[in-house]
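Asker: This is what each chain is made of:
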Amino acid sequence: MTPAFEPITGRYLRLEIAGCAHRIYVEEAGEGIPILCLHTAGADARQYRGMMLDDSITDRFRVIAFDMPWHGKSSPPAGWQDEEYKLSTEGYVEIILAVSDALGLDAPIVLGCSIGGRIVLQLAADHPDRFRALIGAQGAAWQEPWYDTDWLHRSDVHGGEVCAALISGLVAPGGPEADRHETLWHYMQSGPGIFKGDLWFYRVDGDLRETIARIDTARCPLWLLTGEYDYSCRPEDTLATADAIPGCKAVVMERLGHFPMSENHDQFAIYLRPVLAEIAV
Amino acid sequence: MTDVATIFDRLPEFFDARPALVRRATRARITMLVGAGQVSRRLTVGSGTLTISHADGPMDGWDIALRGDDTVWSDHWRALPAPDAADIFGMRRRGRLVIEGNFLPLMQNLQLIKDILALPRGTI
Numbered sequence: 541m542t543p544a545f546e547p548i549t550g551r552y553l554r555l556e557i558a559g560c561a562h563r564i565y566v567e568e569a570g571e572g573i574p575i576l577c578l579h580t581a582g583a584d585a586r587q588y589r590g591m592m593l594d595d596s597i598t599d600r601f602r603v604i605a606f607d608m609p610w611h612g613k614s615s616p617p618a619g620w621q622d623e624e625y626k627l628s629t630e631g632y633v634e635i636i637l638a639v640s641d642a643l644g645l646d647a648p649i650v651l652g653c654s655i656g657g658r659i660v661l662q663l664a665a666d667h668p669d670r671f672r673a674l675i676g677a678q679g680a681a682w683q684e685p686w687y688d689t690d691w692l693h694r695s696d697v698h699g700g701e702v703c704a705a706l707i708s709g710l711v712a713p714g715g716p717e718a719d720r721h722e723t724l725w726h727y728m729q730s731g732p733g734i735f736k737g738d739l740w741f742y743r744v745d746g747d748l749r750e751t752i753a754r755i756d757t758a759r760c761p762l763w764l765l766t767g768e769y770d771y772s773c774r775p776e777d778t779l780a781t782a783d784a785i786p787g788c789k790a791v792v793m794e795r796l797g798h799f800p801m802s803e804n805h806d807q808f809a810i811y812l813r814p815v816l817a818e819i820a821v
Numbered sequence: 254m255t256d257v258a259t260i261f262d263r264l265p266e267f268f269d270a271r272p273a274l275v276r277r278a279t280r281a282r283i284t285m286l287v288g289a290g291q292v293s294r295r296l297t298v299g300s301g302t303l304t305i306s307h308a309d310g311p312m313d314g315w316d317i318a319l320r321g322d323d324t325v326w327s328d329h330w331r332a333l334p335a336p337d338a339a340d341i342f343g344m345r346r347r348g349r350l351v352i353e354g355n356f357l358p359l360m361q362n363l364q365l366i367k368d369i370l371a372l373p374r375g376t377i
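Chains as they are written, first to last, in my numbering: chain A, 541 to 821; chain B, 254 to 377.
Because the hints were derived from the structure by calculation, they are not lab data.
Treat the hints with caution; some may be incorrect.
Claimed, not checked - With a straight-line cut-off of 20 Å between C-alpha atoms, the simulated SDA-like cross-links for lysine to any residue are:
#1 B:Lys-367 with A:Lys-789
#2 B:Lys-367 with A:His-721
#3 B:Lys-367 with A:Glu-701
#4 B:Lys-367 with B:Ile-377
#5 B:Lys-367 with A:Arg-749
#6 B:Lys-367 with A:His-698
#7 A:Lys-789 with A:Arg-749
#8 B:Lys-367 with A:Ala-718
#9 B:Lys-367 with A:Trp-725
#10 B:Lys-367 with A:Ile-573
#11 B:Lys-367 with A:Glu-722
Claimed, not checked - Output of the computed footprint for chain A on chain B, the stretches with three or more beta carbons under 8 Å from beta carbons of chain A:
#12 309-315
#13 328-336
#14 346-359
For every residue, glycine included, the Cβ atom is placed at its ideal position computed from N, Cα and C.
The shape of chain A in the complex, shown without the other chains (with noise of 0.2 Å):
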């Protein structure tokens, strides 16, 4: 009997990020562009198993997902126990650079949802050389706090159940029951604090809207993806920081929400595609 194995490898690649060393677990399947993805705060690389699992994608694109120090399997670096965590925009950028030089992409694509759509505005302000495209998911350059992000991580709250239930509500009704669920799974597996840290770079140290202004689509094309149930960045933050960027194109995406690759990707890969055949010419 042949084993069912779905066409995704993963492998740990050892590399420094800013002088430290790391082991960070990567993902990958196809052939072709690379695209490097960035999963949301608190989540992992399995958020992108629809696009690894997608012919009409990997056929033409190598798509890579790493999990980011201390997410998933890439544990954090030794002595975290007396640290707390906290993403900063300049620390996000360096993982970014180290794991795409560390694997020797020659101008990836990043395709990043959530601080990973904030990311690549900052990609696009200091480094657009270096990309062959940006494609943000739920990005833009700041919106406004709808909670306390201390919630995430007390003694008296599950951290893995409120993280979950929290972002349940951006989560589009109406897609896949199976990958909403495991969407709100992989919030439950999140180290704890890890999701609050995350959010450091996303409510304090990566307000982008002076950034953006540095932004020149004509040396890296840059586009901006929202769906239209996500109320944490929503449709109007995206074409907010869309309209102040020239060049950068956005789409409102109907029936997704703060996930649309994992939650539901076969509705994703209809705005997706055309994005990538574009990018592709």
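Given the coordinates of chain A, work out where chain B should sit on it, guided by the hints.
Answerer: Only chain B this time, still in chain A's reference frame:
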């Protein structure tokens, strides 16, 4: 169309019909005030049971209140709710729902409470 008070009063029936929800509620303990315009009810979750009562007594307390206009809950209960009615925090962010009181029991049981409040979805 069924009025919102009638739907509120049927919540225990909907709850009892969902064994998985009853199981998840085993250790939950919270009293909520839910309101739609002039209609309000007290919902109490405790030891795997859900009970509902009127909220007009002079000393009827609650842990957390979730109140909106006449249409907010009926919109939430549509089979496919609109983006401004799909989630309690989304409704709050969109200015459709006021949530106030002690947030600790709410956050300790957040998914359970969201699921209880959405039980009538698709029934109206």
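Asker: Evaluate each hint against the coordinates.
Answerer: Verification of the supplied hints:
no. : hint                     : in the structure
1   : B:Lys-367 with A:Lys-789 : violated (35 Å)
2   : B:Lys-367 with A:His-721 : holds (14 Å)
3   : B:Lys-367 with A:Glu-701 : holds (13 Å)
4   : B:Lys-367 with B:Ile-377 : holds (18 Å)
5   : B:Lys-367 with A:Arg-749 : violated (34 Å)
6   : B:Lys-367 with A:His-698 : holds (16 Å)
7   : A:Lys-789 with A:Arg-749 : holds (17 Å)
8   : B:Lys-367 with A:Ala-718 : holds (18 Å)
9   : B:Lys-367 with A:Trp-725 : holds (17 Å)
10  : B:Lys-367 with A:Ile-573 : violated (42 Å)
11  : B:Lys-367 with A:Glu-722 : holds (18 Å)
12  : 309-315                  : violated (count 0)
13  : 328-336                  : holds (count 3)
14  : 346-359                  : holds (count 4)
In this structure, the earlier hints numbered 1, 5, 10, 12 are contradicted, and the remaining ones agree with it.
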